[in-house]
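So the sequence lines, in the order shown, correspond to chains X and F.
Per my numbering, the very first residue in the first sequence carries number 1; after that it's consecutive.
Per my numbering, the very first residue in the second sequence carries number 1; after that it's consecutive.
No lab work stands behind these hints, which were simulated from the structure alone.
Beta carbons: idealized from backbone N, C-alpha and C, even for Gly.
Relax, there's no trap hidden among the hints.
Below are the DSBU-like pairs computed for lysine-lysine, each with C-alpha atoms no more than 30 Å apart in a straight line:
1. X:Lys27 x F:Lys100
2. X:Lys6 x X:Lys27
3. F:Lys100 x X:Lys6
4. X:Lys100 x F:Lys18
5. F:Lys53 x X:Lys6
6. X:Lys53 x F:Lys6
7. F:Lys27 x X:Lys100
8. X:Lys53 x F:Lys100
9. X:Lys18 x F:Lys53
10. X:Lys18 x F:Lys100
11. F:Lys102 x X:Lys6
12. X:Lys27 x F:Lys12
13. X:Lys6 x F:Lys12
14. F:Lys27 x X:Lys102
15. F:Lys102 x X:Lys27
16. F:Lys6 x X:Lys100
17. X:Lys12 x F:Lys53
18. F:Lys53 x X:Lys100
Stretch by stretch, here's where chain F covers chain X in the computed footprint (C-beta under 8 Å, at least three residues):
19. 15 to 23
20. 65 to 77
21. 90 to 102
Partial chain X-side listing against chain F, Cβ under 10 Å, derived:
22. Asp4
23. Asp7
24. Asn9
25. Val10
26. Phe11
27. Lys12
28. Gln81
29. Ile82
30. Asp84
31. Trp86
32. Ile87
Protein chains: 2
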Amino acid sequence: MSSDAKDDNVFKALAHPKRRQMLDRLKDEPRTTGMLVEAFPEMDRCTVMMHLKVLEEADLIIARREGRERWNHLNAMPIKQIHDRWISEYASHAVSVLDKLKADLDG
Amino acid sequence: MSSDAKDDNVFKALAHPKRRQMLDRLKDEPRTTGMLVEAFPEMDRCTVMMHLKVLEEADLIIARREGRERWNHLNAMPIKQIHDRWISEYASHAVSVLDKLKADLDG
Numbered sequence: 001m002s003s004d005a006k007d008d009n010v011f012k013a014l015a016h017p018k019r020r021q022m023l024d025r026l027k028d029e030p031r032t033t034g035m036l037v038e039a040f041p042e043m044d045r046c047t048v049m050m051h052l053k054v055l056e057e058a059d060l061i062i063a064r065r066e067g068r069e070r071w072n073h074l075n076a077m078p079i080k081q082i083h084d085r086w087i088s089e090y091a092s093h094a095v096s097v098l099d100k101l102k103a104d105l106d107g
Numbered sequence: 001m002s003s004d005a006k007d008d009n010v011f012k013a014l015a016h017p018k019r020r021q022m023l024d025r026l027k028d029e030p031r032t033t034g035m036l037v038e039a040f041p042e043m044d045r046c047t048v049m050m051h052l053k054v055l056e057e058a059d060l061i062i063a064r065r066e067g068r069e070r071w072n073h074l075n076a077m078p079i080k081q082i083h084d085r086w087i088s089e090y091a092s093h094a095v096s097v098l099d100k101l102k103a104d105l106d107g
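Turn these sequences into a full structure, and let the hints steer you where they fit.
Below is the structure:
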């Protein structure tokens, strides 16, 4: 997969609040799919699994089977990559626009 | 619009390589829609305008009419916001995982 296509998948995976919340849940420790289903009672099991699939395809989650359980581990590396390649430059751009505005207003 | 819905729009808008390239073109200076159509000969005018609409809905572009021309200005602020609220924390998470791995390997 090209790096563009990989980035597309990461951005698409992040473009849903529930998927962002699911990643937030995995930040401190891996969780089984069952634990995630319990943590999000407003979604049924199928919806949780569908979101997990999207996250896994974007490589944001790595799943490991242990017996009958599936442990979902956060992989933050693709987010770091879009950050380094792309996001950080725009964040600095916004900051420099704000600084310029502030300087104009001050003087 | 909720902050979740705004973030969704930003991530969705960034989830296309041509839209990311179009923003890249606007980083140094605003450009008219005609200039952007010329800069991307592989897309027809309608496709360029469709992408501009998605970027404008995500507030990543601010358009100003001057006579018959439409000038597209980059607004990097929504990218800075997702950076501050969300991306930077995961980027640090990835770095700390890498540091731990390196420390483990170093013994």
